[in-house]
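Taken in order, these protein sequences are the chains called A and B.
The numbering used here numbers the first residue of the first sequence as 1 and each following residue consecutively.
The numbering used here numbers the first residue of the second sequence as 107 and each following residue consecutively.
Where hints are given, some of them may not hold.
Claimed, not checked - Listing some non-contacts, in silico: residues in chain B with all C-beta distances to chain A over 12 Å: (1) Ala157; (2) Thr200; (3) His208.
Claimed, not checked - Label-pair restraints from in silico Cβ distances: (4) Thr74(A) x Ser182(B): 24 to 30 Å; (5) Thr22(A) x Thr189(B): 34 to 40 Å; (6) Ser77(A) x Ser136(B): 42 to 48 Å; (7) Gln122(B) x Arg61(A): 44 to 50 Å; (8) Ser173(B) x Gly16(A): 33 to 39 Å; (9) Arg24(A) x Thr230(B): 29 to 35 Å; (10) Ser10(A) x Gln122(B): 34 to 40 Å; (11) Ser77(A) x Leu171(B): 37 to 43 Å; (12) Thr20(A) x Thr178(B): 40 to 46 Å; (13) Val105(A) x Ser136(B): 45 to 51 Å.
What the hints assert, rightly or not - If you want a taste of the chain B side facing chain A, the calculated C-beta under 10 Å gives, among others: (14) Ser168; (15) Asp221; (16) Gly224.
Calculated from the structure, these hints are not laboratory results.
For every residue, glycine included, the Cβ atom is placed at its ideal position computed from N, Cα and C.
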Amino acid sequence: DIQMTQSPSSLSASVGDSVTITCRASQSIGSYLNWYQQKPGTAPKLLIYSASSLQTGVPSRFSGSGSGTEFTLTISSLQPEDFASYYCQQGYITRTFGQGTRVEVK
Amino acid sequence: QITLKESGPTLVKPTQTLMLTCTFSGLSLSSSGVGVGWVRQPPGKALEWLALVYWNDDKRYSPSLKSRLTITKDTSKNQVVLTMAHMDPVDTGTYYCAHTPHPFIAVPNKGGGFDYWGQGILVTVSS
């Protein structure tokens, strides 16, 4: 089965900062990589699908890149509502989530 | 508008079998490319994918939990049922169902992602 390794597990940042989260797959998954945002007590929200496509309604400060085994999520100018946990997920045949990254206020 | 909602017991005893139902609207499991899956999250921990079923009754399971899981669909009722055997306190958490378009067939395929989620149901395993 495909394993997903996400880093860092947490980071501290300020409003306006640019933030990058990395996700690595244990084998090539093409572009079948998705990113989610989750706030406490709520269901995850799909942000980016197919590695780089922005889900409808998601602000353009969120972007994704990568293919094969290495992927990144970038938030270009962190906003107060962006402090949350972020997860990557591979969608190639089965599904696997990364361990998550908590973005906290510095 | 696509909506999903989980239902089932919120408290189960160790060794019991858990049965959860996902009832949805705005999508049909008789339509090509449609899939519904289950994801869980222990308190304070990461998301974990459990199982999914597609419109053609193709089923996929998490390798680590496959022996304990069964997923079925009832197209006429717009429902997907997940059963998990041999429940243990470590299985405590919030269980979500979500829509997942088939990654190779659906248009758009959403990369095999989950684009619509239920609100989740907290299941506690305790004697």
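Against the structure, the hints come out as follows:
| no. | hint | in the structure |
| --- | --- | --- |
| 1 | Ala157 | violated (9 Å) |
| 2 | Thr200 | violated (9 Å) |
| 3 | His208 | violated (10 Å) |
| 4 | Thr74(A) x Ser182(B): 24 to 30 Å | violated (45 Å) |
| 5 | Thr22(A) x Thr189(B): 34 to 40 Å | holds (36 Å) |
| 6 | Ser77(A) x Ser136(B): 42 to 48 Å | holds (44 Å) |
| 7 | Gln122(B) x Arg61(A): 44 to 50 Å | holds (46 Å) |
| 8 | Ser173(B) x Gly16(A): 33 to 39 Å | violated (49 Å) |
| 9 | Arg24(A) x Thr230(B): 29 to 35 Å | holds (34 Å) |
| 10 | Ser10(A) x Gln122(B): 34 to 40 Å | holds (36 Å) |
| 11 | Ser77(A) x Leu171(B): 37 to 43 Å | holds (40 Å) |
| 12 | Thr20(A) x Thr178(B): 40 to 46 Å | holds (41 Å) |
| 13 | Val105(A) x Ser136(B): 45 to 51 Å | holds (47 Å) |
| 14 | Ser168 | holds (7 Å) |
| 15 | Asp221 | holds (5 Å) |
| 16 | Gly224 | holds (7 Å) |
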